[in-house]
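Can you build the whole structure from these sequences, using the hints too?
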Amino acid sequence: MPYIEFKNVCKEYKMGEIIIKALDSANFSIEKGELVVIVGPSGAGKTTALNILGGMDQVTSGDVIVDNKNIAKLKNKELIKYRREDIGFVFQFYNLVQNLTAIENVELATQICKDSIDPSEVMDKVGLKDRKNNFPSQLSGGEQQRVAIARAIAKNPKLLLCDEPTGALDYKTGKQILKLLQDTARKENMTVLIITHNAAIAPMADKIIRFKNGTAESCEINNNPKPVEEIEW
Amino acid sequence: MKIKKALLKDSFKEIKASYKRFISIMLMALLGVGFFAGLRATSPDMVNSIDSYYKNQNVYDIEVVSTLGLTNEDIEALKQIENVGEVYGTYSQDGLVKDGEKETVTKILTLDDVNKPVLIEGTMPQNASECLVEEKFLTDNNKKIGDTIQIESKLEMAEGEDLDELVQEASGNESEEVSQEASANEKEEVSQEASANETEEVSQEANNGTSETEPEEIATETSDEQNYLKNQTLKIVGTVESPLYISRERGTSRLGSGQINSYIYVTKDNINQEVYTEIYIKLKNSDEYKTSTNSYEKYVEETKNNIEAIKEERENARYQELIDEANQKIAEAEEELNSERQKGESQIQEAEQKIQDGKNQIANAEKEIAQNEKEANSKFSSSQSQINSAKEALTKSEKEYNSNKATLETVFKEAENQKKTLQENIENVNTSLEQVNASYLELTEKLEMKDLPEEEKLALEKSKTELETKKSELETTKTTLEKNLTELENKVSEGKQELKQASSKIQSAKLEIEKQEKALQTAKSQTNAQIASAKQELETSKQEIKSGEEDLEASKLEFNQKIQEAEGKLIDAKEEVKKIENPVWYILDRKQNSGYSSFVQDTESIENLSLVFPVVFFAIAILVSLTSMTRMVEEQRQEIGTLKALGYNKFQISIKYIIYSSLACIIGGIIGMNIGFQLLPRIIWDMYEMMYNMPEFLVQFDIANATLGLALIYICIVGATLYSILRELRQTPANLLRPKSPKLGKRVLLERITFIWKRLNFSHKVTIRNIFRYKKRFLMTIIGIFGCTSLILAGFGLKDSISKILPYQYEKIFNYDMQVALKNTLTQEQIENVKNSLKSNDKVLDIVESYMLSGTANYNESQEDVQIIIPDNIEEMKKVINLIDLNTEEEINLPNDGVVITDKLSQLLGVKVGDTIKIKDSNDVEKEVKVSNIAENYIYHYVYMSKEYYQNLYQEEYSTNVIFVKDNNLSEEEEQEISKNLISMNEVSTVQLSKTIMKTLDDTMNSLNYVVIILIVSAGLLAFVVLYNLANVNISERIRELATIKVLGFYDREVYSYVTRETILLTVIGILLGLVGGYFLNFYIIGTCEIDMLRFVKIIDPISYLYAILITVAFTIIVNIFTYFALKKIDMIGSLKSVE
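Chains W and B, in that order, are what the protein sequence lines are. Under numbering that gives the first Met the number 0, the first residue of the first sequence carries the number 0, and numbering increases by one thereafter. Under numbering that gives the first Met the number 0, the first residue of the second sequence carries the number 0, and numbering increases by one thereafter.
Honestly, the hints are just simulated from the structure, not real lab data. As the structure is a prediction and not an experimental result, all values here were calculated from the model. The beta-carbon is built from N, C-alpha and C at its ideal position, and this holds for glycine as well. Incorrect hints may have been included.
[Unchecked claim] If you anchor each label on the Cβ, the simulated ranges turn out as follows:
#1 B:PHE650 to W:ASP23: 42 to 52 Å
#2 B:VAL1016 to W:GLU77: 40 to 50 Å
#3 W:ASN69 to B:ARG751: 50 to 60 Å
#4 W:GLU77 to B:ARG746: 33 to 43 Å
#5 B:GLN637 to W:ASN197: 17 to 27 Å
Given below as structure tokens:
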């Protein structure tokens, strides 16, 4: 029994009269502690899959099992609880609360969690020991993304979901962020999902899922994931 | 410049896309224009309504009232004046409608072509026995159309009538009485014999005379007080509304409780009075003017001045007329009196003559009696003298007789003596004889004796013979003697006989005399008795004449007295004529009609209000549209940048937003003005309708205000839009295309105060930092809440302020329960009379005398009507009037070198302590006085002056004309009882009960609740629009942040409190500020709406603060509920996907 399993997940959006199928019978599974990279072109349905997995969106049909729990069947409030306790999200545009300092952004997440990690500790971990009391506007993009990651992992989630975490970053910074994610997955034994349109970073993953036209086209296990430092693109 | 089609299309698409924003701007415009137009139109609508009402009912422009009535000559004179159109002479007077025990004081009006009442139900009266009443009268008295009522109303046409009465009394009455007296005397016919009956008749007549006059007097008294109405029993044929009484106020009366309850219309031919009580004037072309407008008032004022010019002349004419009339009446009365007096006097003279005649006759009779007496007496005396002479003769003969008798007596005595001697001799003889006889006998015996010696016998015989001789001798002697004796005896008896004869003669003479004397005596006594009775009779006659005389004298006295009285009354009447004051004309206009003037004042207050409230709405509209449009522009920053980069100019770019906001503004504005014009005036009118009776309220579409309102809101909203768009457009396209750098997070000042900051939990820190981050929204929220709270508080405060006026004035300042106005020129005794009547009531606590007069106070250009109060005793006054210094709250003592004026007066005149103002009393006497203090006061203006100061100033004696009465917590009914008793006193003019004043005013003030409701509703709408708009802006501006925390797993409630914690804090701040703002807004509104006559109390009840808070909180909660659902609906994915 895999830790995470997508079973025939369909997701349809109604845009007026047109029905768009974002996910069309997507099936894949992820084991606990795996670093998964989901790749595919724009509009392939990878973000939709991530949103569903993150409890931000609901399926039209199908089951999504996370740690023996079918989150496709959860009600709104249970979904919030699921997001609150089991999920850590990292966005392309960081989505930090501008009005809060770096550490406060982390606190924003930890104050609602039971098994949270000390924000200060997490800040140290993501390498922002000296930037704790800076406001997002005073931080660089990479630093902001680090704060975002810190906010996500401070909740001590079962799943860390990252939607194009390097999309707004330059190459070098992007690499550092990926490194941080990889390290986190390894060190904390955390299940991490990274969405990217950049297939080049796929070798860093334990599992690579390729999306196309709303389905997981392939799902290959990488027995020798490369450290991020070795990946070039 | 041609607007590109694509842009227009874009505008409409934009509206569709952001309909919420569009609606919120539209709503703002709707509210702003609606309130502005509606409120602004209310006052003109009210003025139009009353104007059309007054025009339809042909209501007067100018009213002329005179203290002594008005005549047709006055009407003619008025018609000559420029601009004077129709002139109507009408009648009005107070009357009592009696229904069993119940008395209703009514104003009796006459139907005329001027001030026509509006027939509500029934028909117009056809004759003098029908009348119209007001609806209220029917309900109050439980009557219906068709019922009859009984009206009591006395003619009371001023002094002229009093004079008439006096004159009538002086002439008619008295002369009648006198003539009666005289006629009573006339009947006295003194008889020749001064008969008792006749005089009795006189006194009886006299008695009858006086007793007869009494009922006569009573009769004349009742017939004197004539009725004002010919028909006192009237049938109600319909109900009306009078344009003269549009308010509930019906005025005061001298009758009953002193308060007029209702009015009643009768036909003109039912009025029993010649002179008009008032004249109503319609001005030429007055229909071209709208009532209460400046041009109308100017027109009226000009004509009033023209009337003013003939005022004195007409007053004098009327005065002269009255004087002439009175003088003529007096002259007639005088003449009549004189003729009556002459008649009476001549009759009295006649009576006196008759009495004199009687007296003379009595005197004659007396004389006659005396003569008779004398005659009788002389007769008596002559017979007496005869008797006397007879007596004399008798006496003489008696004397003679007596002397004869005496001689005879002596003779007799002699004879007696002789007789005696003779008898003695005879005796002796007899004895000798006897001896002889005895010796003889013895001799004989002895001779016979046988034994006898003869010698002896012869001796004896011898002796015997001797004896026998002797005896014979003796016998002879004896015979001679006896013969002598008989002779003598005969002689004596003869004499005696003679004497006896003489004596009997005398005796008979004596008897005769006695008889005569007795006869004379009887005659005399008879005569005397006759005379006496005659005399007595005469005496009675005399007595009767005397009593008749006395009666006459009494009658004369009475007559004289009555004549004197009549003369006195004539003098009084003349005095009264002298006292006839010059009649005074009062030239009034509609403003003096209490209903009309309070109506116009109300329209002015609304006008003032309509200036205040829309300002608040416009201010809010600006803020709301500014935030909304700024947000919109910000959201479309990239689009603007793209357009700019594409080469569109500023105008073309901004046209979209201008169209957007213009459309919102115009649509909202047009809807708003239509709602506003219909709804607001009607709502406000609904509340005023409780106070005013007007058949129709006219709502109109006021183009001017509509345009103005729309223009103002357009400027506000589109201006705000332009401002935000132009601010963006200043930036370069490149800048615009880049996402707007998010607002920088900043540390707030509070963080530096670490000991507080540390104690705050995380979410509070966030809240505080957010508040300071979004300063515009922070301000908006606070201003919105502030506006809401302050409007509500001002509404409640206004109510508090106004509802406090009465208790403050009538409980705090004026402590008395009754104000008893006395008539003018009462004597001290009469004043005491009233006081005693009050004092006799043990429920009356204090009686304070005062002198009150009305006048004006002037300072520089300002002038105000005032009441001047001069207390008899300053200390006493403190029991009923509290003079409190406005600033120090301390009691003011009336000084002797200045006056104390009331607060509002000082404000209106612009006077402060130490200034000198001019006071003009009703006689136009102007005096300069120093203001020494300013006292708290709420209703009307007063000037207080000490008695000493007044007397020094005016050089006039103080005289009480008002008595303030404080009682022992009596109920209104008990007070009314006292009031009724007072009113019935001749000295009392009016009685005002503080309780009644309070009650009537209180009813009026209750309608202010509607103002409060309007304020609350508008404040609520305001609060709602603002808060809702802000919440929307808040959410849209922070959507990413909110989506983030939702993603982080915040429960809906947590998200809600994350956002609303700020709102709540801002609301609290807004409320607190609003309470302060409301406090001042209240004072501002009070200041704007305050009527010149009133000082609103600057007070807000604590409960009102609570209400303001609760209502604001309630509105906030409603908005927050909307927010809650809006937050729940936030789409996390959509929000987070886009680039900011």
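Practice item. May I ask you to test the hint 40 to 50 Å on the CB atoms belonging to VAL1016 (chain B) and GLU77 (chain W)? Key: With a Cβ separation near 43 Å, VAL1016 (chain B) and GLU77 (chain W) satisfy 40 to 50 Å, so the hint holds.
Review point. How does the Cβ-Cβ distance of GLU77 (chain W) and ARG746 (chain B) compare with 33 to 43 Å: does it lie in that range?
Key: Holds, at about 38 Å.
Practice item. May I ask you to test the hint 50 to 60 Å on the CB atoms belonging to ASN69 (chain W) and ARG751 (chain B)? Key: For ASN69 (chain W) and ARG751 (chain B) the Cβ distance comes to about 51 Å; the hint holds.
Practice item. Take the C-beta atom of PHE650 (chain B) and the C-beta atom of ASP23 (chain W), compute their distance, and say whether it sits inside 42 to 52 Å. Key: Roughly 49 Å apart at Cβ, these two residues keep to the hinted range, so it holds.
Review point. So the hint says 17 to 27 Å: do the beta-carbon atoms of GLN637 (chain B) and ASN197 (chain W) match that?
Key: With Cβ atoms ~26 Å apart, the hint holds.
Hint violations for this structure: none, all hints satisfied.
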